Each structure stands twice: as structure tokens, then as C-alpha cells.
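S.K.: If you want the building blocks of each chain, they are given just below.
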Amino acid sequence: MKTITKKPEVLAPAGTLEKLKTAIHYGADAVYIGGNAYGLRSRAGNFSFDEMKEGVAFARKYNAKVYVAANIVAHENDTDGAGEYFRTLRDIGIDAVIVSDPALIEICALEAPGLPIHLSTQASATNYETLNFWHEEGLERVVLAREVSMDEIKQIRNNTDVEIEVFIHGAMCISYSGRCVLSNHMSMRDANRGGCSQSCRWKYDIFEMDEETGQPIGLEGNPDEPFSMSAVDMAMIRHIPDLVEAGVDSLKIEGRMKSIHYVSTVSNVYRQAIDAYCNDPENYEFNEAWEDELWKVAQRELATGFYYGIPDPNQQIFGKPRKIPKYTFIGQVIDYDEETNIATIEQRNHFKIGDDIEFYGPGFSHHKQTITEMWDEDGNPLDVARHPMMIVKMKVEHPVKPLDMMRKRKA
Amino acid sequence: MIKIIATAASAEQGKALLEVGVDMLYVGEDAFGLRLPTSFSRAEIETMVEIAHSQNKKVVVAVNALMHNDRIEKVVSYLQFLEKCRVDAITVGDPGVIHLLKKHNLNIPFIYDAQTIVTSAKQINFWAKRGATGAVLARELTYEELEAIGAQTTVPLEILVYGATCIHQSLRPLASNYLQYTNQDVSPSKKRGLYITEKNDPDSRYSIYEDINGTHIFASYDVNLLTQLDKVMEANLHHWKLDGLFTKGDDFVQIARLFVEAKNALLEKRWSADYMQQLNEKLHEYHPKDRPLDEGFFVKDPTEIE
Chain W
1 MKTITKKPEV
11 LAPAGTLEKL
21 KTAIHYGADA
31 VYIGGNAYGL
41 RSRAGNFSFD
51 EMKEGVAFAR
61 KYNAKVYVAA
71 NIVAHENDTD
81 GAGEYFRTLR
91 DIGIDAVIVS
101 DPALIEICAL
111 EAPGLPIHLS
121 TQASATNYET
131 LNFWHEEGLE
141 RVVLAREVSM
151 DEIKQIRNNT
161 DVEIEVFIHG
171 AMCISYSGRC
181 VLSNHMSMRD
191 ANRGGCSQSC
201 RWKYDIFEMD
211 EETGQPIGLE
221 GNPDEPFSMS
231 AVDMAMIRHI
241 PDLVEAGVDS
251 LKIEGRMKSI
261 HYVSTVSNVY
271 RQAIDAYCND
281 PENYEFNEAW
291 EDELWKVAQR
301 ELATGFYYGI
311 PDPNQQIFGK
321 PRKIPKYTFI
331 GQVIDYDEET
341 NIATIEQRNH
351 FKIGDDIEFY
361 GPGFSHHKQT
371 ITEMWDEDGN
381 PLDVARHPMM
391 IVKMKVEHPV
401 KPLDMMRKRK
411 A
Chain Z
412 MIKIIATAAS
422 AEQGKALLEV
432 GVDMLYVGED
442 AFGLRLPTSF
452 SRAEIETMVE
462 IAHSQNKKVV
472 VAVNALMHND
482 RIEKVVSYLQ
492 FLEKCRVDAI
502 TVGDPGVIHL
512 LKKHNLNIPF
522 IYDAQTIVTS
532 AKQINFWAKR
542 GATGAVLARE
552 LTYEELEAIG
562 AQTTVPLEIL
572 VYGATCIHQS
582 LRPLASNYLQ
592 YTNQDVSPSK
602 KRGLYITEKN
612 DPDSRYSIYE
622 DINGTHIFAS
632 YDVNLLTQLD
642 KVMEANLHHW
652 KLDGLFTKGD
662 DFVQIARLFV
672 EAKNALLEKR
682 WSADYMQQLN
692 EKLHEYHPKD
702 RPLDEGFFVK
712 DPTEIE
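From first to last, the protein sequence lines stand for chains W and Z. 1 is the number of the first residue of the first sequence in my numbering; add one for each residue after it. 412 is the number of the first residue of the second sequence in my numbering; add one for each residue after it.
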């Protein structure tokens, strides 16, 4: 019987402490977060040292890891204080830092020995000799460039011992990461220091220069469709066996800016698929419900990036985007009474009697029902739950657990 | 110690550039080097090196592509060839190539050139400690930053003083995908001269083309630092790069001549505002009319960049 010797880690984004706990609760083996400095998501919720401590303590309980992204490409003075920062992370118990700039790698290695370093995808590592270079420099892991194909990953695996991490889900840079400064030139925001204005997703006209007249001319038959460089998102849910067989160590989900709805759903799905394959590879069957679930939190269409070839026009967003069914996160279960089948819910978005809703929880549990009866905290009947964070009691048809989530399809 | 390095699109143009006083020629093969005016064959590289060396001048070869496995395997024999024909240096942007130079004991000086991400003295010094004999600075650095870098590094620093700035490299065929989607039978090669204009900025015009390394997009304005060369020199930026990707034939040679004259005037303390103005006016005559020029990030305030 075939057995899996190396089960890859599910690595989820956590923009806040709540998201960190949610990701781990929903099956992530590790999370990556941002601190108050040196990270590329200046607008994502970033962690204070105290929050990191709490996050690490929580993660330890579940045997999960916490990585901190410090992946800016530094300019002069940006690295001030970095040694102290890395030492603090190490002493807090952070499991690794994700870095792309060699200046920060050097500071971390010299001033915070013992803190493992992962090379960020921002460094666009695309071949095994590059991984060997960084391995010899003492790095523990390399996050591959998103341009690397499945076949190339296998070759890389066969030619290096350093750990390999790949992106499997979420939004993507359409450029080689780190090699795009559209934002710097178009809006004076440094893409490599957390300021990316996503100029690639803007609309452009395309022309050619008439060599004789020096005047711009529209392309022949230039239609109304504007030029754009906007990429669809990635979803590798159908290809988990390939990723495991390729020997990848860590499977990364993008989205430190995304909601707990997203983080819980995506972690949950990949946890299921990876467990299903690794526990019994010979009898593994893809479950369509996994993909359906991912669509519920999708912002764009989903595709496989460079894994199986150079992305064609279908992996860029042209024309009218296909309509994606939208789901709204409406509440989180905070308590459940088995005797009465009454769940206590913390409201996150508007819902009312008659709404068709869906509960989901870790382990890919799902229940659909219609809301028939609900009450406020004091037991007064409610027709509508209007207020954010209000406490609502509700009769449920199937048992639920604290931290289960409640969503409904948008009209 | 100011050196002028210029791209050569052919042996003929290379010769002409050396004649007008360029110190180093920059050439290479598309499979390993980025955004070159012409992809040179190995025989052409050999010829170029012979010509330059016969005049005590130098040739730097572009090996600065991001390489996937197939390319990193092929680059070994290329590097062996470059060592054999005694090129004076190569540019490198992929640490895998640095790893291979060491692994195969190849004795070729390398200049660190990772394009957009070469932004601090500490980073440059990291590569210098690992053998880099120089570094090519990112185009997105302001004067204040460049000055600070110049003061804290020991290897010669190369700065683009004339030519186009690449602001985006994707491995995706971004233009082909669009043209296919809109059913247009157009090949987005460099020759075609395509450019894009941002909808909200109708005066912008970003050149775009595809080649073996993917899709490349360039800044609206080509860089011209002729008017800033005194400051460039003061900041210890000693290798001045002229990029002829979009400036053809003799026009580019004439522009190189102007920079050589500027360099000599600066070194001989003959530099004046009037003289600079004269040279700059001539430069505008030779520069392609459809490509506006400016001083890029050199004249920007670092605090204005978020």
C-alpha cells in the first residue's frame, strides 16, 4: 500500500489575532502574519509584539507555527532597528521570518541567530541553483516564484535539500514579484515597500507608433475592450496529489487582508483535501464540494497560474467578469445548547427570519437551514438581526459548535 | 575613474561607440540577458571582445535574466564560453548564477544587477562580500538615496544616465493574450513598437513588448541625466550606463559622444551651465522624437514616495 512520507503544511494568512486563531482552528498547520515594520502589507492588520505573544501561545497549544513576513525591499534607513526587531521576534518564539532583501537576511542571520529565515516569493526564486545558493547561506526554506511549473518543482525538489513552499491559493502578482514598479512610476507608491497601488489591474489603451508620421495609431480593428494586466486568482484544490507528490513542504494561501470568512473557508477546504489524499492516496477522490466551497469566498475567477503551462487569455481578466455567486458572512457561533438545540450567535451582518443560511465548521461540516425563530439576549423574539456584534439566539436543525460560522447567499 | 558603458546593437555600432570614447560595451544573448537592443551570437560576442580589447576597452555581457531550470542548466556552458573569450565582466541578477560561478570555479568578475530590487548600500555590500565587483542601481532611487549608497559602498556603482527604464517584467504573454482575446493578428515584438496609455492619464505612453524572457513594460519617460552629471559624480556613482534599446544606430552613437564630452568637461573642470545646455540641446536632436525624456526618480523627493 502506498504511504505518504511527507505531508505538506497548510500555511494560512492571518492579518489579525482573530484571523490567526480562526485559521488554526480551521486546520492550518501554520500562519503568517505581519509585524509593525518591514512587511509588504502596510495596510493589513499588523501585529504588536503583545499580540504576537498571544498568537504564538495559541499556536503552540495546537502545535501550529507562526511566521512573520518582513519582505520589503529596503531603501537606506529602512533597515534601522531591524536587528533588535528580529531578536524580539525570536525571543517571542516566532518560528521563522519571511524575508526577500539580502540586507535584511544578513541582519537577521547576524543579529538574531537561531531565528529561521524563509526566502520570500518577492525574491522570485525560479531554479534549483538559486535555492542551493540560499540554502548555503543558511536559509531554511524558499518560497518559489509563482512562475515555476509543476515539472520544474519536481526538478527543483530532486536537486536541492532546502524546504520548498509554494502558493496554492489566492490573488497573484502578474509580474515576477519584485520586478514590477508600475506603482512607483504611476502613483509614487513603492510596490516593494508595501505601497503597491495595483496598477496592473487598471485599464489601458494600446497603440502603435506609425514609423513614417511619428503619430500614434490605434491597432487595426482595435475594439472597445481595453488592455489590462489583471490576473485571475489561483486555486490548486484539484491538484493536491501533484503538489504532495512533487515533494513540496508548505502550501501557502494568499490573503493577509482577507476576512475570517475567507481564512476559515479556505483553510478548511485545503485541510480536508490534503488529509484525504495523505491518509489514503490510493483511494483518494476529488470532492466537488471543496471547490464549490472555495467559490463562496472567491473574488475573481480561479485558475492554476503557471503550474501546468504559460497562462493564456483566460487567466487574465478581460471583458465582463463572470458572475460569481456571492456569499455574506453573517455570524459566528459562540455557544450551543444541546438540550434545546439553541445556538447563540454573534452577528456580523444583517440576517432575518426566513433567510436560507448555512453553518460550517472545522472538519468540513456543513448544515443548511432556514431561520425560523430567533431571540435577542433577553429572550425577546426578533424578526431581524440588524446590529453588528449583537447576540442572537436561534433554533438550529443540526448541532453546531462555538467558532462555527454562518453565511448566506447574497440576493 | 568615471567609465561610460553603452549597449552595442552590432559590432559596427560597438566600434563607433568605442571611437567616440565609450569605455565599456554592454552586449549579450537574449536567452540569458535582459532587454538588449540585439541578441548577439557567441561569434558576435567574441568579435566584440576582440575589437574592444585591441583598443584597451572592455566588454560586459548581460547574464542578468531570472532563470528557470532549463536556462540555469544551459548557462554553465555559456559562462564557460564567456570565460574563454575573456569578457571583462558579466551582470548577474539571479543568485543561482553566482552559485554556479563558484561551483564551477569560473573566473569571471560579476556585477550584481537585479534591476528593481537593488536599492540599498547594505544589499550591495552583501553581494560585494560574495564576490560582486560592482552593482547596477535600481532606477527608482532618488538623489538623496543614491548619495547615501555611494558613500557606503566600496564597489563601483552603475547608474542609468540615458535610456529607457523597464518598470515591469512578467513571464506571461500579456500583450499576446490581449491581442488573442480581441482577435488581432499582431505580434507584440520589440520591432512592432506597441505602447499602452493609462486611461486616466492620456499623455502617458508605456512601451510594451514580448521576447523570450516574457513581457516588458517601460516608463513613459526615458531617463536623461545629462543635466545632473555633476551631482552623479559627486555621489560617487562612477559607471554611467547608456541604454540604446530604443535609440537606433548613429543617433545613439552621437548621444554617447555627448556624454563622453560631458565627462571630459567635468573631469577637466570645464563644466558650465551653458556648456551643459548646449550638449543637452544636441541630445534632444538625436533622441527619438516620440519618446519624452526626464530625470526620473533622480530629482524626486524621497519623502513623496509612499
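Since the hints were derived computationally from the structure, they do not count as laboratory data. Where hints are given, some of them may not hold.
EDC-like cross-link-like pairs, simulated, lysine to aspartate or glutamate; straight-line CA separation at most 16 Å [unchecked claim]:
hint : chain 1 : residue 1 : chain 2 : residue 2
1    : Z       : K513      : W       : E136
2    : Z       : K610      : W       : E106
3    : Z       : K514      : W       : E136
4    : Z       : K514      : W       : E285
5    : W       : K7        : W       : E358
6    : Z       : K426      : Z       : E455
7    : Z       : K610      : W       : E136
8    : W       : K393      : W       : D378
9    : Z       : K700      : W       : D292
10   : Z       : K514      : Z       : D499
11   : W       : K393      : W       : D312
12   : Z       : K540      : W       : D205
13   : Z       : K602      : Z       : D622
14   : W       : K203      : Z       : E455
15   : W       : K408      : W       : D292
16   : W       : K6        : W       : E111
17   : Z       : K610      : W       : E358
18   : W       : K6        : W       : D275
19   : Z       : K700      : Z       : D614
20   : W       : K326      : W       : D376
21   : Z       : K659      : Z       : D614
22   : Z       : K602      : W       : E163
23   : W       : K154      : W       : E245
24   : Z       : K468      : Z       : D481
25   : W       : K320      : W       : E339
26   : Z       : K426      : Z       : E457
27   : W       : K7        : W       : D383
28   : W       : K154      : Z       : E609
29   : W       : K2        : W       : D335
30   : W       : K393      : W       : D335
31   : Z       : K601      : W       : D224
32   : W       : K203      : Z       : E494
33   : W       : K6        : W       : E245
34   : Z       : K540      : W       : E137
35   : Z       : K540      : W       : E106
36   : W       : K203      : Z       : D614
37   : Z       : K513      : W       : D378
Which stretches of chain W does chain Z cover? Using the computed rule of at least three CB atoms under 8 Å from a CB of chain Z, they are [said to hold, decoys possible]:
hint : stretch
38   : 98-105
39   : 271-278
Keep in mind the model is a prediction, meaning the values are calculated, not measured. Heads up, the beta-carbon is just placed ideally off N, CA and C, and yes, glycines get one too.
S.K.: It remains to establish, for every hint, whether it holds in the given structure.
M.R.: Hints and how they fare:
1. K513(Z) <-> E136(W): This hinted pair holds, its Cα atoms lying about 12 Å apart.
2. K610(Z) <-> E106(W): The hint is violated at about 42 Å.
3. K514(Z) <-> E136(W): 12 Å, holds
4. K514(Z) <-> E285(W): 45 Å, violated
5. K7(W) <-> E358(W): Cα-Cα ~31 Å, so violated.
6. K426(Z) <-> E455(Z): 13 Å, holds
7. K610(Z) <-> E136(W): Between K610(Z) and E136(W) the Cα gap is close to 47 Å, so the pair fails against 16 Å, i.e. violated.
8. K393(W) <-> D378(W): 9 Å, holds
9. K700(Z) <-> D292(W): 54 Å, violated
10. K514(Z) <-> D499(Z): Since the Cα atoms of K514(Z) and D499(Z) sit roughly 20 Å apart, the hinted pair is violated (cutoff 16 Å).
11. K393(W) <-> D312(W): 49 Å, violated
12. K540(Z) <-> D205(W): 45 Å, violated
13. K602(Z) <-> D622(Z): 11 Å, holds
14. K203(W) <-> E455(Z): 41 Å, violated
15. K408(W) <-> D292(W): The hint holds at about 14 Å.
16. K6(W) <-> E111(W): With Cα atoms ~32 Å apart, K6(W) and E111(W) exceed 16 Å; violated.
17. K610(Z) <-> E358(W): Not OK: K610(Z) and E358(W) at ~42 Å, beyond 16 Å, violated.
18. K6(W) <-> D275(W): Holds, at about 12 Å.
19. K700(Z) <-> D614(Z): 15 Å, holds
20. K326(W) <-> D376(W): 27 Å, violated
21. K659(Z) <-> D614(Z): With a Cα-Cα distance of about 24 Å, the restraint between K659(Z) and D614(Z) is violated, given a limit of 16 Å.
22. K602(Z) <-> E163(W): 42 Å, violated
23. K154(W) <-> E245(W): 8 Å, holds
24. K468(Z) <-> D481(Z): Not OK: K468(Z) and D481(Z) at ~33 Å, beyond 16 Å, violated.
25. K320(W) <-> E339(W): Violated, because 50 Å separates the two Cα atoms, which is more than 16 Å.
26. K426(Z) <-> E457(Z): 14 Å, holds
27. K7(W) <-> D383(W): With a Cα-Cα distance of about 47 Å, the restraint between K7(W) and D383(W) is violated, given a limit of 16 Å.
28. K154(W) <-> E609(Z): Status violated; Cα separation ~40 Å.
29. K2(W) <-> D335(W): Distance of about 42 Å is beyond 16 Å: violated.
30. K393(W) <-> D335(W): 9 Å, holds
31. K601(Z) <-> D224(W): Measuring from Cα to Cα gives roughly 24 Å; hence the hint is violated.
32. K203(W) <-> E494(Z): 46 Å, violated
33. K6(W) <-> E245(W): Holds, at about 9 Å.
34. K540(Z) <-> E137(W): The hint holds at about 12 Å.
35. K540(Z) <-> E106(W): Holds, at about 11 Å.
36. K203(W) <-> D614(Z): 14 Å, holds
37. K513(Z) <-> D378(W): 74 Å, violated
38. 98-105: Contact hint for the stretch 98-105 of chain W vs chain Z: holds, 5 residues under 8 Å.
39. 271-278: violated (count 0)
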